[in-house]
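Starting from the known structure of chain A, fit chain B onto it as the hints suggest.
Take a look at the letters that make up each chain.
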Amino acid sequence: MAGADGDDSLYPIAVLIDELRNEDVQLRLNSIKKLSTIALALGVERTRTELLPFLTDTIYDEDEVLLALAEQLGNFTMLVGGPEYVHCLLPPLESLATVEETVVRDKAVESLRKISQEHSPVDLEVHFEPLVKRLASGDWFTSRTSACGLFSVCYPRVSSTVKAEIRQHFRTLCSDDTPMVRRAAASKLGEFAKVLELDYVKSDIISLFTALASDEQDSVRLLAVEACVSIATLLPQEDLETLVMPTLRQAAEDKSWRVRYMVADKFSELQKAVGPEITKNDLVPAFQNLLKDCEAEVRAAAANKVKEFCENLPEDNREQIIMTHILPCVKELVSDTNQHVKSALASVIMGLSTILGKDNTIEHLLPLFLAQLKDECPEVRLNIISNLDCVNEVIGIRQLSQSLLPAIVELAEDAKWRVRLAIIEYMPLLAGQLGVEFFDEKLNTLCMAWLIDHVYAIREAATCNLMKLVEKFGAEWAQNTIVPKVLGMANDPNYLHRMTTLFCINVIVHCCGYPYREITTKQMLPVVLKMSNDQVANVRFNVAKSLQKIGPVLDSNALQTEVKPVLEKLASDTDMDVKYFAQEAISVLALA
Amino acid sequence: TLELTVRASPTGPGGDMQWCFSQVKGAIDDDVAEADIISTVEFNHTGELLATGDKGGRVVIFQQEIENKSQPQFRSEYNVYSTFQSHEPEFDYLKSLEIEEKINKIRWLPQKNAAQFLLSTNDKTIKLWKISERDKRPEGYNLKEEDGRYKDPNTITSLRVPVLIPMDLMVEASPRRVFANAHTYHINSISVNSDNETYLSADDLRINLWHLEITDRSFNIVDIKPANMEELTEVITAAEFHPHQCNTFVYSSSKGTIRLCDMRASALCDKHSKLFEEPEDPSNRSFFSEIISSISDVKFSHNGRYMMTRDYLSVKIWDLNMENRPVETYQVHEYLRSKLCSLYENDCIFDKFECCWNGNDSVVMTGSYNNFFRMFDRGHRRDVTLEASRENSKPMQVLKPRKVCAGGKRKKDEISVDSLDFNKKILHTAWHPQDNIIAVATTNNLYIFQDKVN
Numbered sequence: 001m002a003g004a005d006g007d008d009s010l011y012p013i014a015v016l017i018d019e020l021r022n023e024d025v026q027l028r029l030n031s032i033k034k035l036s037t038i039a040l041a042l043g044v045e046r047t048r049t050e051l052l053p054f055l056t057d058t059i060y061d062e063d064e065v066l067l068a069l070a071e072q073l074g075n076f077t078m079l080v081g082g083p084e085y086v087h088c089l090l091p092p093l094e095s096l097a098t099v100e101e102t103v104v105r106d107k108a109v110e111s112l113r114k115i116s117q118e119h120s121p122v123d124l125e126v127h128f129e130p131l132v133k134r135l136a137s138g139d140w141f142t143s144r145t146s147a148c149g150l151f152s153v154c155y156p157r158v159s160s161t162v163k164a165e166i167r168q169h170f171r172t173l174c175s176d177d178t179p180m181v182r183r184a185a186a187s188k189l190g191e192f193a194k195v196l197e198l199d200y201v202k203s204d205i206i207s208l209f210t211a212l213a214s215d216e217q218d219s220v221r222l223l224a225v226e227a228c229v230s231i232a233t234l235l236p237q238e239d240l241e242t243l244v245m246p247t248l249r250q251a252a253e254d255k256s257w258r259v260r261y262m263v264a265d266k267f268s269e270l271q272k273a274v275g276p277e278i279t280k281n282d283l284v285p286a287f288q289n290l291l292k293d294c295e296a297e298v299r300a301a302a303a304n305k306v307k308e309f310c311e312n313l314p315e316d317n318r319e320q321i322i323m324t325h326i327l328p329c330v331k332e333l334v335s336d337t338n339q340h341v342k343s344a345l346a347s348v349i350m351g352l353s354t355i356l357g358k359d360n361t362i363e364h365l366l367p368l369f370l371a372q373l374k375d376e377c378p379e380v381r382l383n384i385i386s387n388l389d390c391v392n393e394v395i396g397i398r399q400l401s402q403s404l405l406p407a408i409v410e411l412a413e414d415a416k417w418r419v420r421l422a423i424i425e426y427m428p429l430l431a432g433q434l435g436v437e438f439f440d441e442k443l444n445t446l447c448m449a450w451l452i453d454h455v456y457a458i459r460e461a462a463t464c465n466l467m468k469l470v471e472k473f474g475a476e477w478a479q480n481t482i483v484p485k486v487l488g489m490a491n492d493p494n495y496l497h498r499m500t501t502l503f504c505i506n507v508i509v510h511c512c513g514y515p516y517r518e519i520t521t522k523q524m525l526p527v528v529l530k531m532s533n534d535q536v537a538n539v540r541f542n543v544a545k546s547l548q549k550i551g552p553v554l555d556s557n558a559l560q561t562e563v564k565p566v567l568e569k570l571a572s573d574t575d576m577d578v579k580y581f582a583q584e585a586i587s588v589l590a591l592a
Numbered sequence: 001t002l003e004l005t006v007r008a009s010p011t012g013p014g015g016d017m018q019w020c021f022s023q024v025k026g027a028i029d030d031d032v033a034e035a036d037i038i039s040t041v042e043f044n045h046t047g048e049l050l051a052t053g054d055k056g057g058r059v060v061i062f063q064q065e066i067e068n069k070s071q072p073q074f075r076s077e078y079n080v081y082s083t084f085q086s087h088e089p090e091f092d093y094l095k096s097l098e099i100e101e102k103i104n105k106i107r108w109l110p111q112k113n114a115a116q117f118l119l120s121t122n123d124k125t126i127k128l129w130k131i132s133e134r135d136k137r138p139e140g141y142n143l144k145e146e147d148g149r150y151k152d153p154n155t156i157t158s159l160r161v162p163v164l165i166p167m168d169l170m171v172e173a174s175p176r177r178v179f180a181n182a183h184t185y186h187i188n189s190i191s192v193n194s195d196n197e198t199y200l201s202a203d204d205l206r207i208n209l210w211h212l213e214i215t216d217r218s219f220n221i222v223d224i225k226p227a228n229m230e231e232l233t234e235v236i237t238a239a240e241f242h243p244h245q246c247n248t249f250v251y252s253s254s255k256g257t258i259r260l261c262d263m264r265a266s267a268l269c270d271k272h273s274k275l276f277e278e279p280e281d282p283s284n285r286s287f288f289s290e291i292i293s294s295i296s297d298v299k300f301s302h303n304g305r306y307m308m309t310r311d312y313l314s315v316k317i318w319d320l321n322m323e324n325r326p327v328e329t330y331q332v333h334e335y336l337r338s339k340l341c342s343l344y345e346n347d348c349i350f351d352k353f354e355c356c357w358n359g360n361d362s363v364v365m366t367g368s369y370n371n372f373f374r375m376f377d378r379g380h381r382r383d384v385t386l387e388a389s390r391e392n393s394k395p396m397q398v399l400k401p402r403k404v405c406a407g408g409k410r411k412k413d414e415i416s417v418d419s420l421d422f423n424k425k426i427l428h429t430a431w432h433p434q435d436n437i438i439a440v441a442t443t444n445n446l447y448i449f450q451d452k453v454n
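Sequence lines, in order, name chains A and B. The opening residue of the first sequence carries number 1 in UniProt numbering; numbering runs sequentially from there. The opening residue of the second sequence carries number 1 in UniProt numbering; numbering runs sequentially from there.
Treat the hints as calculated values from the structure; they're not laboratory data. Since this is a predicted model, take the numbers as computed values, not measurements. Do not take every clue at face value.
Restraint ranges, calculated between C-beta atoms of paired labels, are given here [what the hints assert, rightly or not]: (1) B:E213 with A:N30: 23 to 29 Å; (2) B:N324 with A:P406: 39 to 45 Å; (3) A:D177 with B:R337: 42 to 48 Å; (4) B:P153 with A:P83: 55 to 61 Å; (5) A:E379 with B:E213: 28 to 34 Å; (6) A:A590 with B:P175: 58 to 64 Å; (7) A:E84 with B:V80: 46 to 52 Å; (8) A:D577 with B:N220: 46 to 52 Å; (9) A:E216 with B:M167: 17 to 23 Å; (10) B:N324 with A:D177: 35 to 41 Å; (11) A:D239 with B:P110: 36 to 42 Å.
Note that beta-carbon positions come from the ideal geometry of N, C-alpha and C, so glycine has one too.
Here chain A stands alone, though its shape is the one from the complex:
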């Protein structure tokens, strides 16, 4: 078919191939992403003999191109002729596994892991395993770090001789000269342990684990903590004490705060991995120490785990452990000098009430909640308020209102407007947690009082709050509780308050909408229209703006007979702003 006229179907592929070496990165990237199209057109044979050798040498390219290439090659098995030829993909991936960019190397390793599964057991030993060995004994640490991620995928599928070699290579990398490689080995230790026979876990892995956990580099030691979780899961309970615990104890008291931080951060996983007995004897004191750590980062990480740790304690003496060992530390954290620590604690502390029950909560926890609720840092307060519901379930709404509400009310009337503002922002959240009945009784007055606050930011926030409350409690609630009060303010001698009426009407109409046309027409519209005679121009132009918002809800009769005359009057007002907004409303409502 390849005649003198050429082959039209080849043209797009020819473009793609040429663009593999275009100067524009975007075009090269585009071509690499369509590598499978090129390979299909070339056929399996030419892909193996021409395309792959070319790609193997293109490691000079930009990271994004290499990344795309590494990813493509992971799905290339069929395009080189199926599993029988999958080993042809190893050379390009091998060179990608040595580049300096971590993301590219990681992607190459990911693709290598993927295609390792497509190797037959024989090919795995003939082609794949030698590649792993080459990488593991490479001159540069980039290739050795990549090797670390490949041991676990070939180990289960090779002969026992090769298995012994793999174990030896892994051992060598664990004591590599460069910290980069030791870190890579430490991070794959858990994964490798999972595919090893239990005897080798005990003989090989434990000694490597112990060595890495006492490495001179902090960054290596902290990775050993993660490995600790997976290793502990693999070992029978009776071996944990001798094989894992000495190392874990050492890590929890490491000189470096970063290692202790890692222990604190992984505490729940560690607790599950070592089981209830060791938790009781070892982890409880360790956790106490972490909560009292001298570095705030560590205390914050530990504080974050308080609830989870307590939940996972063995039930038989959970309460006793919490009351005598954990709670004293928690009490100290409430008045910590660092706000991140307090904030971390506040995000979980309420959860303790479900574990400790009603009496303990009232006696021991409520004072802590109260203290945190009055904390100077808004994040701490917010974390407490946003978790009120779980305490509510334990001690009931009455108890809660008696103890916490005074603190909330106090903040709501704080002399600093920023504090009041913070509380307003929590109001919709509280309303949702406490329910409409409780809200009407205790908080509604507060919300209405904010509408006539002397600071505009508060009045604005209060209006916005009103909208969220109406969204939560519905239009009917709005009609009964909000509307009368809002309309009452229309006669206020202070024009700022009269404007607030208009703002509130805007949001209520926005929320209640069409189904409540009746209230709008009968109750709110007359008030707004009456206000068009206000002596203050600011009120009048806000009337125009309000009418523009109410208009769409009204029927055409009301629009024509009531709204139109008023807007026309405003459009000939002496004040230019009033005129402007009246004309705008007329045109939007199509009343001209």
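For chain B alone, coordinates are given in the frame of chain A:
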């Protein structure tokens, strides 16, 4: 008192070392362009590469040639390997400040693959550069000829995959990361951690810790900025990581103190774990005491046991285990003590001299005026003054030790203090990590000297 000349000594190695001229780089004419002034010199970890930075924001890398077996006396010449523009002049529109392109420091990263990596910094921005070689190029297009002429698409009858063919070696420098917007003041130091994944950058008041792969955030580990800037009494002048202990770094101050911090103790290292400070000698107290005690450079020894500091008149070696005084003090140009007043007037007193160790920590080197540089042999308590000059630039010419006459009668071959040229200063020097090869930057020339091969 110390001997001022190098004499043959049978007592040990290094004692009979003679230095000879090897190469000089840079323009010969006396008319120096500001942009050509060398601002930093640094060997890589093997010594195979030598990088310089200049006020024009350029980085020049020299590569040591493979030893020439037929001419052993011309061993290991350094030739230009790569030159690139690292930093450009910028303008901070918010603060109405010009940001110079001058390269303040270069630090090489331990080699990770066939390519080489270095960090370069100006006052504000640190960049990570990759220097790599390419010796193959692709050949073969489907739609055009190799010279760019397009083919008639109708003539395409088969697909052609490009092949890589050998070409002349090409060295490319490409920017890999830009670490910006973390420093309010001028960056004076960068130092790569022994964990090979983090580095620090220090400015006048703060030290930040970076991850080499992350550019959008850094952690502040030291902050000495007082709440009220009027209470400012001290600035950070240099900072360096310990060569082996990943958790330890030091920083020096304008008050002549060095603080050692342990990053294990806490996330913020505002509290030092050691403070190295020598009590001031009250008899030497003068108006200039504080200025000349300011430390211009601090360097750990390769073995990590000692550190060296340079102040205006001296070099001090400190044992990390002894905080109250240095274990060794070497006078660099004590004869200037009587000249401080005029050095203050011409601003020379604020010159920031750097210092460096030789490969086995037995000798230290630092610069002086009149294109003199000084070496102190620690074991033999011997020192020498040498000069980098065009006059001594014949191949393999042995450098004659120089002597400055401090006062009294001037002997033959001595130079009087009054005839020293203070515009010719050697601020930046570097010592090959293993061999006796040194690089010495005069204003716009780079001199390379080596020990005389027997």
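We went through each hint and held it up to the structure:
| no. | hint | result |
| --- | --- | --- |
| 1 | B:E213 with A:N30: 23 to 29 Å | holds (26 Å) |
| 2 | B:N324 with A:P406: 39 to 45 Å | violated (59 Å) |
| 3 | A:D177 with B:R337: 42 to 48 Å | holds (47 Å) |
| 4 | B:P153 with A:P83: 55 to 61 Å | violated (38 Å) |
| 5 | A:E379 with B:E213: 28 to 34 Å | holds (30 Å) |
| 6 | A:A590 with B:P175: 58 to 64 Å | holds (59 Å) |
| 7 | A:E84 with B:V80: 46 to 52 Å | holds (51 Å) |
| 8 | A:D577 with B:N220: 46 to 52 Å | holds (50 Å) |
| 9 | A:E216 with B:M167: 17 to 23 Å | violated (45 Å) |
| 10 | B:N324 with A:D177: 35 to 41 Å | holds (36 Å) |
| 11 | A:D239 with B:P110: 36 to 42 Å | holds (39 Å) |
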